[in-house]
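Let's have the full structure, built from the sequences with the hints guiding it.
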Amino acid sequence: MVHALHEARRTLQEGGALIDLRPSARNRRVELDLGQARLFIGEIDSSRAASDYLAADQAAQALVAAGKLQAEHDERFEIITELDTVADLREFAAGLRRGVMPAAMPGRIEELAAGVDYRIRLRREMLIARYRWRRGRPGDAG
Amino acid sequence: MPRPGGIIDANRRLGRSIVAIRSDAAGVEKSYLRDMLAAGERILEVGCGAGRLMPHYADRARRCVGIDLPAALARPERGNPPGNADLVAGSGPRLPFRDASFDAVIFGSSL
Numbered sequence: 000m001v002h003a004l005h006e007a008r009r010t011l012q013e014g015g016a017l018i019d020l021r022p023s024a025r026n027r028r029v030e031l032d033l034g035q036a037r038l039f040i041g042e043i044d045s046s047r048a049a050s051d052y053l054a055a056d057q058a059a060q061a062l063v064a065a066g067k068l069q070a071e072h073d074e075r076f077e078i079i080t081e082l083d084t085v086a087d088l089r090e091f092a093a094g095l096r097r098g099v100m101p102a103a104m105p106g107r108i109e110e111l112a113a114g115v116d117y118r119i120r121l122r123r124e125m126l127i128a129r130y131r132w133r134r135g136r137p138g139d140a141g
Numbered sequence: 000m001p002r003p004g005g006i007i008d009a010n011r012r013l014g015r016s017i018v019a020i021r022s023d024a025a026g027v028e029k030s031y032l033r034d035m036l037a038a039g040e041r042i043l044e045v046g047c048g049a050g051r052l053m054p055h056y057a058d059r060a061r062r063c064v065g066i067d068l069p070a071a072l073a074r075p076e077r078g079n080p081p082g083n084a085d086l087v088a089g090s091g092p093r094l095p096f097r098d099a100s101f102d103a104v105i106f107g108s109s110l
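As you go down the protein sequences, you meet chains U and A in turn.
All the letters of the first sequence, read from the start, carry residue numbers 0 to 141 under numbering that gives the first Met the number 0.
All the letters of the second sequence, read from the start, carry residue numbers 0 to 110 under numbering that gives the first Met the number 0.
No lab work stands behind these hints, which were simulated from the structure alone.
Since this is a predicted model, take the numbers as computed values, not measurements.
Positions of the beta carbon are idealized from the N, C-alpha and C atoms, including for glycine.
If a hint is listed, it holds; no wrong ones were tucked in.
Derived pair list, reagent style SDA-like, types lysine to any residue, alpha-carbon separation capped at 25 Å:
1. A:Lys-29 <-> U:Ser-45
2. U:Lys-67 <-> A:Asp-34
3. A:Lys-29 <-> U:Ser-23
4. U:Lys-67 <-> A:Arg-93
5. A:Lys-29 <-> U:Arg-75
6. U:Lys-67 <-> A:Pro-95
7. U:Lys-67 <-> A:Leu-36
8. A:Lys-29 <-> U:Glu-124
9. U:Lys-67 <-> U:Ser-50
10. A:Lys-29 <-> U:Arg-120
11. A:Lys-29 <-> U:Arg-131
Which residues of chain A face chain U? A few of them, derived with a C-beta cut under 8 Å, are:
12. Ala-24
13. Glu-28
14. Tyr-31
15. Leu-43
16. Phe-96
17. Ala-99
18. Ala-103
19. Phe-106
20. Leu-110
Encoded structure:
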């Protein structure tokens, strides 16, 4: 990660931008949309990926602290994914590499949505940050 | 019972088998990513995978290069890269490019 950042810096011209776009360390939130009401059902556990995201944050912050990288912009936004059925939710969760859905979640949705129109909403927080490479100090090879 | 609906079906465009999923991921990411880039830049995307993000910004770039491991580049869902884009096999810690050859580097979930 640190090596990749240094390599990225090498390939950038002076004043170039480094953009980091990725999910935040927060879990996906699962909601049941009943039209008139939206119920929070629970979260899909993303803790398996949290250490990677934390390491990425630390690598970038270390370069900022060293004066090699200037933080220009940092913003969080949400991506909403909608699913039509509990079966779709199960299939979606099965395809996640590092997210784990609580075993009881599908049953809870089926129970709450029995006999009514519904849609399942997954909310995932993303972050996007832009850094600017600073001119290296004399003797700075990094 | 499920309600019919229809926001952007990014998953269908990506070739996924699940068509009952609708996500605004592509549109939202595109909007935020384009705001970060200036027009006419030479852009490197590290960990480009199947090239999902590249169409979001390629039309604004002078040249785009995506780099990832060979297995990632060979994913079946990958479409043809944009006309001004090249895909290169390699990895982030050892980029096969000259110094100062890009105006922007994107890490899309790859940092």
